[in-house]
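Using the sequences plus the hints, can you model the full thing?
Residue numbers (the working numbering), protein chains in the order written: chain B, 1 to 305; chain A, 1 to 304.
Don't take each hint at face value.
[Stated by the list, open to error] Chain A regions said to be covered by chain B (calculated; three or more residues, Cβ under 8 Å):
1. 122–129
2. 150–160
3. 231–240
4. 245–257
5. 278–291
[As the list claims (entries may be wrong)] Derived, one-sided and incomplete: chain B residues facing chain A with beta-carbon distance under 8 Å:
6. Phe55
7. Met127
8. Leu143
9. Val233
[To be verified] These stretches of chain B come out as covered by chain A in the derived footprint (C-beta under 8 Å, 3 or more residues):
10. 33–46
11. 109–122
12. 262–273
No lab work stands behind these hints: they were computed from the structure.
Yeah, the Cβ is synthetic: ideal placement off N, Cα and C, and Gly gets one too.
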Amino acid sequence: MKTPLKSSLRLSEKHATKSPVTMAVSPKMIKWFSQSWMLVVYVFLYMPIVTLVIFSFNDSQLAAVWSHASLRWYAALMKDNDLISAVLLSLKIAFLSALISVFFGTFTAFALNRYKRFQGRTLLSSMASTPLVMPDVIVGLSLLLMLVSLQHWLGYPERGLFTILLGHALLGTAYATVVVTSRLREMDSKLDEAAMDLGCQPFQVFRLVTLPLLVPALVSAFLLTFTLSFDDVVLSSFLSGPGYSTMPMVIFSRARLGLNPTINAVATVTITVVTIAVLASSFYTSRQERNRKREVAQAYSDMNK
Amino acid sequence: MKNISIRNNISSALRKLIDGRHFVIGVPYFWFLILALVPLLIVLKISLSEMESTEVSSLIEWANGWPTVKLNFASYMFIATDALYYQTYLSSLRYALMTTVICLIIAYPFAYFMARSPKHIQPTLLMLIMLPFWTSFLLRIYAWKTLLVNNGVINNILMSLGLIQDPIAMMNTPFSLMVGMVYSYLPFMILPLYANLSKLDMRYLEAAADLGTSPFKAFWLITVPLSKAGIIAGSMLVFIPAVGEYVIPELLGGSDTLMIGRVLWDEFFSNNDWPMASAVAVVMILLIMLPMAIYNKYQAESKA
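Right under this line is the structure:
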């Protein structure tokens with residue numbers, strides 16, 4: 001925190017007589033300090049991930065002691081039926097949960113953004129932000145107790161895929177709402193108004209104007225909620241029934257017992273998939289952005305003809 | 001005639017009910033009422049019941065055709081009188097506070113430097129912060145186990161460098177817990193701070209410098225107060241979930257690192273005591289209510 005701003009420093013050099021404190025700190029030192037601070041934080045953030053990947057190729061039974069490189073844990077992973085079926089269940093739940101979350105999240109974002117005044121707006125917005133900040137254990141416990149009471153009265157639902165899905169969808173909706181809201185807020189409302197002036201019905205405006213503009217936000221909301229669901233262990237543990245173990249639940253129960261090199265292999269596989277997906281999606285959004293800019297430029301040049 | 005008018009009334013009422021506005025507001029309302037609000041009310045209800053063999057008791061009892069409400073405060077009494085609960089709540093708050101402070105100390109300079117780096121590399125720096133987010137949180141916590149155990153990576157490196165003779169016991173201590181907590185919550189502190197600091201108007205600082213303020217003084221008098229909203233948002237985003245954290249203390253903490261999330265989990269899964277688990281949850285909600293209100297207030301202000 002000892003480092004002053006670069007630009008104000010440049011200014012204060014001019015006024016060196018007024019502020020002698022800055023004389024001691026040269027811009028070079030500040031640059032060095034800020035860069036090393038950032039580097040240390042990045043190393044802190046990536047060290048565990050790199051370790052996971054490196055030790056997945058370790059031959060030793062001891063997960064933290066390096067012997068020599070091998071693929072034996074990947075071979076073990078291929079034969080690990082518990083884990084494979086858990087991964088498949090997680091993928092299924094994550095996909096469905098992301099779809100539901102984006103659907104309800106878009107609704108919530110619209111309700112909160114397009115209608116500034118209605119009764120109970122504060123209640124809706126605080127309910128929508130509750131799952132974001134509430135500790136997982138409370139969300140899990142409360143949902144489970146609700147579902148148990150429901151089952152008591154109606155005899156439905158049994159705990160299993162559906163109940164896990166509901167929990168993940170609740171969490172996902174809250175996050176999707178944030179993503180879609182931020183996009184809606186920066187969107188130009190003039191476009192909607194123009195479409196309405198040209199005689200569009202509200203739903204047509206949504207379908208023809210708003211929705212296409214929202215697509216990038218919907219894609220990133222989908223990816224985010226998919227990851228959240230694929231990652232969750234607490235809600236799933238509360239809400240699942242016998243025979244329904246998601247991948248994080250299996251990993252968690254093994255990690256509790258100690259180090260297990262198969263986990264490193266799973267980790268490496270998921271990290272690879274996730275990295276490819278993130279790169280692909282950032283490529284997609286930047287291309288989308290370029291296309292949009294080109295279209296805007298095209299429209300302006302057409303206009304000026 | 002009367003029939004037609006009634007039918008008209010009904011159809012117009014129906015149309016009103018399912019018109020765009022009501023539909024758009026109604027759908028998310030229903031969704032969150034069922035899944036967010038009602039469950040919390042049920043937790044409150046169950047915390048006031050008692051456990052009867054396999055079921056919780058009903059709050060309403062019928063006596064001579066009249067319903068009487070029977071509230072049972074036994075769970076709350078137990079929390080209030082048993083020293084273990086008091087200590088656990090206190091130590092949860094302490095660990096959450098420590099996590100928040102350490103995250104702030106690391107994240108503030110980081111976000112500040114990030115906001116001052118060249119504009120064209122900022123998106124990359126930001127993506128590098130977000131990238132670990134996309135990797136399973138559980139796997140990243142597990143990775144710390146590999147690093148911190150007695151024959152783990154860090155001890156092995158230190159011993160091969162000759163810095164230490166015997167391995168340092170880092171796992172299952174408050175230290176490993178704090179490493180895991182700070183590690184997991186750091187991005188939640190960096191992101192709001194960066195969002196705030198990157199919007200800072202540099203002209204204020206130039207004006208201050210022109211008026212002879214030293215950069216160090218300008219930092220404390222201008223930059224820090226202007227980034228108050230970011231500091232508060234980040235702190236609440238770290239503090240609130242950290243209070244109820246379960247996975248990190250379970251994997252990295254020792255048996256003596258008390259966290260309330262673990263107590264709730266054990267009451268529910270090991271002791272099968274639903275009213276007790278609910279009461280623990282209600283007290284936890286009361287504890288985080290104030291920070292949540294502060295967070296919502298600042299969110300509303302920054303949007304306005």
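Results of checking the hints against the structure:
For the stretch 122–129 of chain A, the stated coverage by chain B holds: 4 residues have a C-beta nearer than 8 Å to a C-beta of that chain, and at least 3 were required. Coverage of the stretch 150–160 of chain A by chain B holds in this model, with 4 residues showing a Cβ closer than 8 Å to a Cβ of that chain against a need of three. Judged by the Cβ-Cβ criterion of 8 Å, the stretch 231–240 of chain A is covered by chain B as claimed, because 3 of its residues qualify and three suffice. Here's how the stretch 245–257 of chain A fares: 5 of its residues keep a CB closer than 8 Å to some CB of chain B, so the rule of at least three is met and the hint holds.
Under the rule that three or more residues need a Cβ within less than 8 Å of chain B, the assignment of the stretch 278–291 of chain A holds, with 5 such residues. Annotation: Phe55 (chain B) was flagged as interfacial toward chain A, and the flag holds, the nearest CB pair being 6 Å apart, inside 8 Å. A distance limit of 8 Å between C-beta atoms decides the matter here; for Met127 (chain B) the minimum to chain A is near 4 Å, and the interface restraint holds. For Leu143 (chain B), the shortest C-beta to C-beta distance to chain A is roughly 5 Å, which falls under 8 Å, so the interface hint holds.
For Val233 (chain B), the interface hint holds, since its Cβ comes within 8 Å of a Cβ in chain A; the closest pair sits about 6 Å apart. Counting residues of the stretch 33–46 of chain B whose C-beta sits closer than 8 Å to any C-beta of chain A gives 9, which meets the bar of three, so the coverage hint holds. Under a criterion of three residues with beta carbons nearer than 8 Å to beta carbons of chain A, the stated coverage of the stretch 109–122 of chain B is upheld, 6 such residues being counted. As drawn, the stretch 262–273 of chain B meets chain A at 6 residues by the rule of a beta-carbon pair under 8 Å; at three or more, the given contact holds.
In this structure, every one of the numbered hints holds.
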